[in-house]
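Residue numbering for the sequence shown follows the working numbering, beginning at 1 and increasing consecutively.
If you are wondering where the hints come from, they were derived from the structure by calculation, not from laboratory data. A couple of the hints might just be wrong.
[As the list claims (entries may be wrong)] For lysine-lysine, the following DSSO-like pairs were computed, each having C-alpha atoms within a straight-line distance of at most 30 Å: (1) K160 to K170; (2) K170 to K157; (3) K707 to K684; (4) K697 to K436; (5) K697 to K684; (6) K684 to K436; (7) K170 to K684; (8) K256 to K684; (9) K51 to K157; (10) K707 to K170.
[Unchecked claim] Here are the computed distance ranges between Cβ atoms for each label pair: (11) G272 to G532: 17 to 27 Å; (12) T543 to G260: 41 to 51 Å; (13) T724 to P875: 42 to 52 Å.
Note that beta-carbon positions come from the ideal geometry of N, C-alpha and C, so glycine has one too.
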Amino acid sequence: MQTSPDRHEYPAHWEADVVLRDGGTARIRPITVDDAERLVSFYEQVSDESKYYRFFAPYPRLSAKDVHRFTHHDFVDRVGLAATVGGEFIATVRYDRIGSDGMPASAPAEEAEVAFLVQDAHQGRGVASALLEHIAAVARERGIRRFAAEVLPANTKMIKVFTDAGYTQKRSFEDGVVRLEFDLEPTDRSLAVQYAREQRAEARSVQRLLMPGSVAVVGVGRMPGGVGRSILGNIRDAGFPGRLHAVNRAFPEGLKEVDGVPAHRSVRDIEGPVDLAVVAVPAEHVPEVVTECGEHGVQGLVVIAAGYAESGPDGRERQRALVRHARAYGMRIIGPNAFGIINTSADVRLNASLAPEMPRPGRIGLFAQSGAIGIALLSRLHRRGGGVTGVTGVSTFVSSGNRADVSGNDVLQYWYDDPDTDVVLMYLETIGNPRKFTRLARRTAAAKPLVVVQGSGSAPQGHAVRATRLPHATVSALLRQAGVIRVETITELVDAGLLLARQPLPAGPRVAILGNSESLGLLTYDACLSEGLRPHRPLDLTTGASAEDFHAALSRALADDTCDAVVVTVIPAVGEASPGEAALAEALRSAAETVPGKPVLVVHVELGGIAEALSAAASTAPQAGPQAPGAVGAAHPIRPLDRRPTAEPERSAGAADASRTHPARIPAYPAAERAVRALAEAVKYAQWRRDAADPGKVPEYEDIDEKGAAELIDGMLARGQGLTLGTDETCDLLGKYGIEVHRALHAPTPDDAVTAARALGYPVALKATAPHLRHRADLGGVRLDLADEEQLRRAYAELTELFGTPEELRPVVQGMAPRGVDTVVRAVIDPAAGAVLSFGLAGAATQLLGDMAHRLIPVTDREATSLIRSIRTAPLLFGWRGSAPVDAPALEELLLRVSRLVDDHPEVVAVTLEPVVVATRGLSVLGASVRLAPPPARDDLGPRTLPTY
C-alpha cells in the first residue's frame with residue numbers, strides 16, 4: 001500500500017480485523033491515495049438518501065476535488081478510515097481537526113469534526129459503531145480529546161450511533177442541524193457498551209458456525225473412506241436437518257449423489273446459500289476453495305486440512321495467508337488442522353467432526369485446542385462403564401486445531417449466554433490473550449462454572465500471541481481470581497465438570513461422610529482434610545447396610561444444618577442382604593431429592609454398575625428425536641432431559657436451586673481423592689461466587705496528585721524512551737500518590753556517611769547497595785542501629801574491609817525505621833496479562849519459595865485485604881507464635897496507592913518497593929525503584945480487534 005505523500009508515514013498499526021454485529025468480519029484500515037477508484041465505486045453504491053444525510057444536500061457523485069480530499073490525509077490532523085470486505089469499501093469515516101472557531105487547525109487543537117458514510121446494503125451490521133471505536137482511538141493517539149458531529153434530525157440511525165457509544169456528550173440544535181459534542185476519554189459506560197457489542201458480535205460469529213442451516217463438505221472422496229467422506233457420513237448419520245452437500249472438483253460430470261447426499265464439483269454449483277463449509281482438501285488446494293466459498297457467500301469455514309503452522313515456517317506463512325484470505329470475505333475459520341465441531345441440540349444435530357459417533361446430548365460446553373485431547377474428553381463423557389460415568393453429555397464441542405482465527409475467547413463469548421450450556425470445560429494449550437480471557441472468564445464464571453486445564457507449552461505456531469513475562473503459576477493464580485476453576489489433568493476436568501453439571505453448589509466446606517466401609521470413609525475423611533474441607537467423622541453403616549439404610553442415613557445427613565455436602569462411600573457387600581446396584585442408586589436418588597440444595601457425591605470401589613445405575617435413575621440426556629441409521633441413539637437408548645425453555649432466566653448448573661423438580665443426578669467416582677478434589681473445587685468456586693457479588697471498590701484518596709504525577713512523568717520521558725528513575729525522582733513520583741520513601745543518602749566516603757547521618761539524625765543504618773549485596777542482610781552488607789559517629793565509622797570500615805572499596809559497595813546511610821515484618825510490593829505491566837500487583841514477604845520466602853500473591857490492577861479494597869492474606873507465610877503478619885500483629889490496614893492502603901499509580905499512568909511499567917517494613921503501627925518504605933516507558937499505542941481500552949496477522 002502506498003505511503004501518503006503528506007507529513008506522516010502510513011500508520012500500519014491502525015489496520016484491524018473486526019467482527020460485526022451479525023458475526024461477519026470486516027477489515028478497517030486507513031484510506032490512502034491508492035483508494036481513489038475504490039472510493040468512487042463505493043460512493044456510486046450509496047443511496048441518494050444516505051448521500052443527502054452525509055452532505056446535507058443532493059450529491060449524486062464525487063468531484064475530482066472531493067476524491068483528492070477524501071484520499072489524501074496527513075494521518076494527524078486529517079484521517080480517514082475505511083471498512084472493507086473483499087477489498088472493497090463498505091463504509092468510511094473521517095475526522096478533521098478544528099480550532100475553537102470551527103475552522104481547520106493543527107495540534108495542539110484538541111477537537112475534530114467526524115462524519116460517517118455506510119453503504120446501504122451494510123447498514124444495521126454495526127459497521128459505524130466499530131468505525132467510531134477505531135477513529136476515536138486514532139484521535140486519542142493524535143492528541144484529540146473531543147469529537148463534534150453535525151447530523152440532520154432525520155438521520156436517526158447516525159444519531160443513535162453517537163448516543164449509544166457511551167461517551168460523555170452534549171447536544172444542541174441550531175439552523176436545522178443536530179450538533180453532538182462528546183469527549184473521547186473512555187468512561188465506564190463506553191467500556192461497558194464496547195464489551196457488550198464485542199460479546200454479541202463474537203458470540204454471533206461462533207453461532208453461525210455451530211448452528212448452520214446448510215453445510216458443504218469440500219473434499220469428499222469418490223471412494224468410501226478418507227477424511228472428507230467420513231465427515232460427510234458423520235453429519236448425515238447424526239441426523240442433521242439442514243441442507244447437506246458433497247463437493248469435489250474430481251467428481252465425474254453428471255454425478256448427482258454421494259451416499260445419498262447431493263454432489264457438486266464446486267461450491268459455486270450449489271443452488272442456494274451455504275452457511276458452513278468443512279474443508280478437507282490438501283493445504284495447497286485450500287486457497288481455491290476459500291475463494292469459491294467467499295464468492296458464494298459462505299459464512300464460515302472448518303478447515304480440517306493439515307500442513308500449516310504445525311509443519312514449519314512455510315506452513316506458518318500458508319496459515320497467515322489463509323486467515324487473511326478468509327477474513328477478506330468476512331468469513332471466520334475454525335482450524336486449520338482442526339478435529340471439527342459438534343452441536344447436539346435437537347434442532348441442529350451437527351457432527352462436523354472426525355468423531356464417528358455423536359456424543360450424548362447434555363449441558364456441558366467442551367473446547368479443546370488439541371484434537372487428541374478432544375477425543376479423550378468426548379470418550380470420557382460418553383463412556384458409561386468404569387471411572388466417572390453417566391449420561392451427562394455435551395451441548396456443543398469445538399476443537400480449534402491451530403487456533404488461527406476462532407479461539408477459546410470467541411467460544412467463551414458464545415457460551416456465556418447460550419441457554420443450552422450450563423458448564424464450560426476447556427483444555428487450553430496456551431492462552432493467546434490472557435488479559436481478555438481473564439475479563440471474559442470473570443463474567444462467565446459469575447453465571448456458570450468454567451473449568452480449565454491449562455498447558456504450559458509454547459503458543460501454537462503461526463498464531464499472533466503476545467509473549468508474557470509472568471510465570472505459568474502466576475497466570476494460573478490470576479485465572480483463579482477471575483473465577484476459573486483450574487485443574488491439572490483432563491481427568492480432574494471431567495470430574496469437576498460432571499459434579500458441577502449435576503449438583504448444586506455447596507454453601508460451605510462442611511462435609512458429611514457415610515457408607516458401608518469404615519476404611520473407605522476414613523480415606524475420604526483424610527482426603528477432605530488435605531483439600532482444606534471440614535469433614536464430619538465418617539458414619540459407618542457396616543457392610544450389611546441395605547438400600548433403606550443408605551436412604552435413611554443420607555436423608556438425615558442432608559437435613560443436618562451443619563452439613564454442606566455429603567460423600568457416600570460404597571463397596572461391594574457379600575450376602576443375600578446386600579443391596580442391588582439399581583436399588584441402591586434409587587435409594588440415594590430419592591433421598592437426595594428431599595434436600596435438593598446440597599450436593600451429593602458417591603465414591604464406589606469395584607462397583608462400576610452403581611455409576612450406570614445412578615445415571616439411569618436420573619438421566620439428563622434429552623431425547624434426540626428421530627435417529628438416522630447408525631446414529632449413537634439407535635444403539636444406546638436414553639431418557640429425555642428436562643430442558644428448560646430458552647426464555648427462562650439464565651441459571652448456573654452448579655447454583656443451588658431448591659425449586660428444581662428434575663430428579664437428582666448423582667456423580668460417581670472410583671476413588672475418594674477424585675471425588676473430594678472435585679468437591680473442593682466446587683466449594684472454592686461457590687465462595688468466589690459469593691465474594692464476586694460484592695467485589696469492593698477502588699478507593700479515592702484526597703492527597704493523590706494525579707495531574708502533578710502526569711507532569712513529572714511527561715518531563716522524565718522527554719529524556720528517553722524508557723528509563724529507570726533515580727532515587728530523588730522515584731521519591732518525588734511516589735510522593736504524588738502519598739507513598740513516602742525513607743530517603744537514603746549516598747556515602748562514598750566515611751566523612752560523607754557522617755554528614756548524611758547528621759542530616760538524618762541518629763540512629764541510622766549503613767547499607768551496601770551493590771547488586772550482589774542489595775536486599776541481602778544475610779551476607780552482612782547491612783549495619784543497623786548505629787547510634788553515633790564512632791559506631792558509624794567503625795561499621796563503614798568493616799564493610800569496606802569485608803566486601804571491597806566504596807565504589808564497589810555503593811554504601812548509603814538511612815534513618816532507622818520501627819522494627820516490623822519485611823515485605824515486598826511489586827507492580828508490573830505485562831504485555832499479555834496487563835497490570836499486575838504482587839505482594840510477599842521479603843527475603844527467602846519470596847526468593848526461594850516463590851511465595852508471592854498477585855492481583856490484577858486496579859485492585860479493590862476487598863482484593864487488597866485478600867492479597868496480604870493469600871501468601872503461605874501470612875501468619876507472620878498476624879501474630880504467629882505470640883508476635884505482635886502488624887498494621888494490616890496501613891499495608892492494604894499502600895497496595896491500593898501503588899495500584900492507583902499504575903492504573904492512572906500506563907507509562908509506569910514497573911514499581912518495586914523493597915523492603916517495606918510493616919510495624920504494629922504504620923509502615924516504612926525503605927527501598928523503591930520505578931521504571932517508565934511510553935505507553936503502547938493501543939491498550940486494553942482500545943477498540944475491538946481480532947488477532948493480527
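Hints, verified against the model:
no.	hint	verdict
1	K160 to K170	14 Å, holds
2	K170 to K157	18 Å, holds
3	K707 to K684	41 Å, violated
4	K697 to K436	21 Å, holds
5	K697 to K684	22 Å, holds
6	K684 to K436	23 Å, holds
7	K170 to K684	47 Å, violated
8	K256 to K684	58 Å, violated
9	K51 to K157	14 Å, holds
10	K707 to K170	25 Å, holds
11	G272 to G532: 17 to 27 Å	58 Å, violated
12	T543 to G260: 41 to 51 Å	57 Å, violated
13	T724 to P875: 42 to 52 Å	35 Å, violated
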